[in-house]
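If you read the protein sequences in the order shown, they are chains Y and X. For the first sequence, the numbering used here assigns the number 1021 to the last residue and increments by one with no breaks. For the second sequence, the numbering used here assigns the number 485 to the last residue and increments by one with no breaks.
Keep in mind that the hints were calculated from the coordinates and are not lab data. Fair warning: this is a prediction, and the values are worked out from it, not measured in the lab. For each residue, glycine too, the CB sits at the ideal point set by N, CA and C. Treat the hints with care, as some may be off.
[Stated by the list, open to error] Between beta-carbon pairs, the in silico distance windows are:
| id | chain 1 | residue 1 | chain 2 | residue 2 | range |
| --- | --- | --- | --- | --- | --- |
| 1 | Y | A981 | X | S19 | 28 to 34 Å |
| 2 | Y | S834 | X | D276 | 37 to 43 Å |
| 3 | X | D276 | Y | T760 | 43 to 49 Å |
| 4 | Y | A758 | X | L371 | 43 to 49 Å |
| 5 | X | S19 | Y | S792 | 23 to 29 Å |
| 6 | Y | S780 | X | K320 | 39 to 45 Å |
| 7 | Y | G757 | X | K320 | 49 to 55 Å |
| 8 | Y | A851 | X | A14 | 54 to 60 Å |
| 9 | Y | Y1017 | X | A324 | 22 to 28 Å |
| 10 | X | A359 | Y | D982 | 38 to 44 Å |
| 11 | X | K320 | Y | D744 | 29 to 35 Å |
| 12 | Y | V927 | X | D147 | 15 to 21 Å |
| 13 | Y | Y1017 | X | P368 | 21 to 27 Å |
| 14 | Y | V879 | X | K320 | 34 to 40 Å |
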Amino acid sequence: MSARSDLTELGRSETALRAFLHGLPGVDQVGAEQRAAQLGTRSIKATAKAWAIDLAIRMVDLTTLEGADTPGKVRALAAKALRPDPADPSCPHVGAVCVYPSMVPYVAEVLRQPAGGAGPADAQAAPAGTGLVHLASVATAFPSGQAPLEIKLADTRAAVAAGADEIDMVINRSAFLTGRYQEVYDEIVAIREACGPAHLKVILETGELSTYDNVRRASWLAMLAGADFIKTSTGKVPAAATPPVTLVMLEAVRDFRAATGRQVGVKPAGGIKTTKDAIKYLVLVNETVGADWLDPDWFRFGASSLLNDLLMQRTKLTTGEYAGPDYFTRD
Amino acid sequence: MFEYAPAPESRSVVRLQPAYGLFVGGEFVDPTDGDSFTSINPASEEVLAEVAAGGVGDVDRAVRAARTAYDRVWGPMPGRDRAKYLFRIARLIQERSRELAVLESLDNGKPIKESRDVDLPLVAAHFFYYAGWADKLDHAGFGPGPRPLGVAAQIIPWNFPLLMLAWKIAPALATGNTVVLKPAETTSLTALLFAEICQQADLPAGVVNIVTGAGDTGRALVEHHDVDKVAFTGSTEVGKAIARAVAGTDTKLTLELGGKAANIVFDDAPVDQAVEGIVNGIFFNQGHVCCAGSRLLLQESVADQVLASLKRRMAQLRVGDPLDKNTDIGAINSAAQLARIRELADAGTAEGAQRWSPPCELPDRGFWFAPTIFTGVTQAHRIAREEIFGPVLSVLTFRTPAEAVEKANNTPYGLSAGVWTEKGSRMLWLADRLRAGVVWANTFNKFDPTSPFGGYQESGYGREGGRHGLEAYLNV
Chain Y
691 MSARSDLTEL
701 GRSETALRAF
711 LHGLPGVDQV
721 GAEQRAAQLG
731 TRSIKATAKA
741 WAIDLAIRMV
751 DLTTLEGADT
761 PGKVRALAAK
771 ALRPDPADPS
781 CPHVGAVCVY
791 PSMVPYVAEV
801 LRQPAGGAGP
811 ADAQAAPAGT
821 GLVHLASVAT
831 AFPSGQAPLE
841 IKLADTRAAV
851 AAGADEIDMV
861 INRSAFLTGR
871 YQEVYDEIVA
881 IREACGPAHL
891 KVILETGELS
901 TYDNVRRASW
911 LAMLAGADFI
921 KTSTGKVPAA
931 ATPPVTLVML
941 EAVRDFRAAT
951 GRQVGVKPAG
961 GIKTTKDAIK
971 YLVLVNETVG
981 ADWLDPDWFR
991 FGASSLLNDL
1001 LMQRTKLTTG
1011 EYAGPDYFTR
1021 D
Chain X
10 MFEYAPAPES
20 RSVVRLQPAY
30 GLFVGGEFVD
40 PTDGDSFTSI
50 NPASEEVLAE
60 VAAGGVGDVD
70 RAVRAARTAY
80 DRVWGPMPGR
90 DRAKYLFRIA
100 RLIQERSREL
110 AVLESLDNGK
120 PIKESRDVDL
130 PLVAAHFFYY
140 AGWADKLDHA
150 GFGPGPRPLG
160 VAAQIIPWNF
170 PLLMLAWKIA
180 PALATGNTVV
190 LKPAETTSLT
200 ALLFAEICQQ
210 ADLPAGVVNI
220 VTGAGDTGRA
230 LVEHHDVDKV
240 AFTGSTEVGK
250 AIARAVAGTD
260 TKLTLELGGK
270 AANIVFDDAP
280 VDQAVEGIVN
290 GIFFNQGHVC
300 CAGSRLLLQE
310 SVADQVLASL
320 KRRMAQLRVG
330 DPLDKNTDIG
340 AINSAAQLAR
350 IRELADAGTA
360 EGAQRWSPPC
370 ELPDRGFWFA
380 PTIFTGVTQA
390 HRIAREEIFG
400 PVLSVLTFRT
410 PAEAVEKANN
420 TPYGLSAGVW
430 TEKGSRMLWL
440 ADRLRAGVVW
450 ANTFNKFDPT
460 SPFGGYQESG
470 YGREGGRHGL
480 EAYLNV
């Protein structure tokens, strides 16, 4: 691995960037999938399971990204984010709510409400990151990213201005797959700047990158360009997060920290629906990058239906009985 | 910290009897001179059962039972009917796989996740695979109507008790032979449970006979005049003694002996998967694997990077209770084996190699050895030449592909090798030059019933598995 100073120089030249990315060790597909499958057989029971479920709840980016989203729908989601299980005050809140930019103000109304106060607070009054639950917005012509840079930047600024403290951007897969790494890099740098104080999550859309070698290169490219988080998927293409893809990304953030000293978070998104799935991911984190990443600041789940399954399993563990789905809120 | 709570597999599925007899002629019988020995759980030293020690007379009785079954029932039986029995056995193994896996872990010390996810699926697969051959031997490439040999004496080791039983019994039965099998004295119990499965499958009496005991029992079996075939898996030392014993007789012999496999990592290897392969190569089954990748050959340009990754990965290994579903490394199979591993590891230190193990707490009772690597090892060190058969890895380096081949082949053994490179042409170049029965490409310790397995030089001769595995039991 190059020295720290060398890595910051990489973004200044297409040749250097390409040489570096293509010089990363390859990923053996069979081996990576086998390792992820092996970790999937870990048996997490009793106290370990209870601990993992609470952590997973705190890591959920409760997400709705539909054309049919309305202020009413996202307000309900935000309320659930704050109090996932109204029947149990010991249940932690989720990590963030994730919506389209146009929905950010309505989520902010709920999340940034002063404690005990009635009525919506001014979203701008709450500085980024001070809320209990983060407010994430997708931006940059999500999910395809097929728009001019100026529009992507405006999209990002609007979301931040409306109160988002986390931005989930998509990389330019078209440029990446044609080998125009500099263009992808420059775009991330520009969005990073437009984010201001907001955290930047960079969506690689691994289902469209198709090989693990590409996933590893795109991970490094995003981190070199300043990503705070790397995220697997938009959830809008059939192949979303998988354990081996997440494993490869975790190896990338681990190696990136070893090389630069900077820690980057990971967010698998899409297709994670059950507590069992979520726990498998936490095992993957635990045994690949260790305890430093077992925190909502460094690992998140992009999911919607996952939360209710976590709540059901949590209730099962605390009461010893499964409650029916009607005992959990559906939003 | 994510602390995994204990997740023990239940023992209640296994019903152990206090004492076991020999399985001869389709039923359990007492040994003629009444000798027995105890089988213990190597993870706790708890006594599991009393097992009969077969003497010369018992061996004779078992061989006679096998001969009778061969002459009257199994030899004349059409292949399609033999297949039915083998398929039935395979299905029963699948149905009772949890019971077999738990007992295997109890008796052997291997982690339940390995007996459950590796051993038992392979055991069943072997029976299914050879069941399929039983009525197709005319088309196996040995000419029309290949004949069986007769009575096969089979002696298996303690590292994969059931899997080695399957490697031996499945092809022998498929080809029409009858068998007398002697399991290793520290791991007899699953073979005796297999005997119950033979009863359950209604296998004709005498087709499978199991005579438990130690070296003397094995010697009596090998030297029995009415045995047509000897198949042995175990140490090179015993293998040589068997080869001497059957020399000059008509008895056919196959030997699968020791190894000191090279696992070769090039600078263009997929590093993270190579590290998994190194760990799997030497720490799988506590390193009690004849084809274990016990010599790691690292290209010097990536040696430091790979070693750092390997150490980080080793720190994740979970050593402890074999029945805990999250255990990666279980117990050493016996006090004798532990002593041997300690002796060789101490020799490594004494000869100047640097020893490293991750911090890991070993249980107080039972036989345990922490996963260990030695760096700074040269070809002259004992730990680079002798088979340790434990979780101990010797790390050497090389500069060029030619040097890698030279070092890899510089051993009296030749059972397996692993190569890690993203370059296909280099992989093929090496596979041509490595003197090893198996060369794994970007993987290690991969087994499949359709693939032949066996060694060069002091790793033995003959092949087990696949179509090749039939030949050892046919008169061709």
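Verification of the supplied hints:
1. At about 30 Å, the beta-carbon gap between Y/A981 and X/S19 stays in the expected band of 28 to 34 Å.
2. For the hinted restraint 37 to 43 Å between Y/S834 and X/D276, the CB-CB distance of approximately 39 Å keeps it satisfied.
3. Range check, X/D276 to Y/T760: about 56 Å between beta-carbon atoms, so the 43 to 49 Å window is missed.
4. Distance hint check for Y/A758 and X/L371: the Cβ-Cβ separation is about 59 Å, which falls outside the suggested range of 43 to 49 Å.
5. Evaluation of the 23 to 29 Å hint for X/S19 and Y/S792 yields a failure: the beta carbon distance comes to about 55 Å.
6. Between Y/S780 and X/K320 the CB atoms are about 40 Å apart, so this pair conforms to the stated range of 39 to 45 Å.
7. For the pair Y/G757 and X/K320, the beta carbons lie near 51 Å from each other, so the given range of 49 to 55 Å is met.
8. For Y/A851 and X/A14, the Cβ-Cβ distance of about 47 Å falls outside the hinted range of 54 to 60 Å, so the restraint is violated.
9. Between Y/Y1017 and X/A324 the Cβ separation comes to about 43 Å, which falls outside the hinted range of 22 to 28 Å.
10. For the hinted restraint 38 to 44 Å between X/A359 and Y/D982, the CB-CB distance of approximately 39 Å keeps it satisfied.
11. A C-beta distance of roughly 32 Å is found between X/K320 and Y/D744, which places it inside the suggested range of 29 to 35 Å.
12. Separated by about 52 Å at the C-beta atoms, Y/V927 and X/D147 break the suggested range of 15 to 21 Å.
13. Distance hint check for Y/Y1017 and X/P368: the Cβ-Cβ separation is about 45 Å, which falls outside the suggested range of 21 to 27 Å.
14. A beta carbon spacing of about 36 Å between Y/V879 and X/K320 agrees with the range 34 to 40 Å that was offered as a hint.
Hint compliance for this structure: hints 3, 4, 5, 8, 9, 12 and 13 are not met, and every other hint is.
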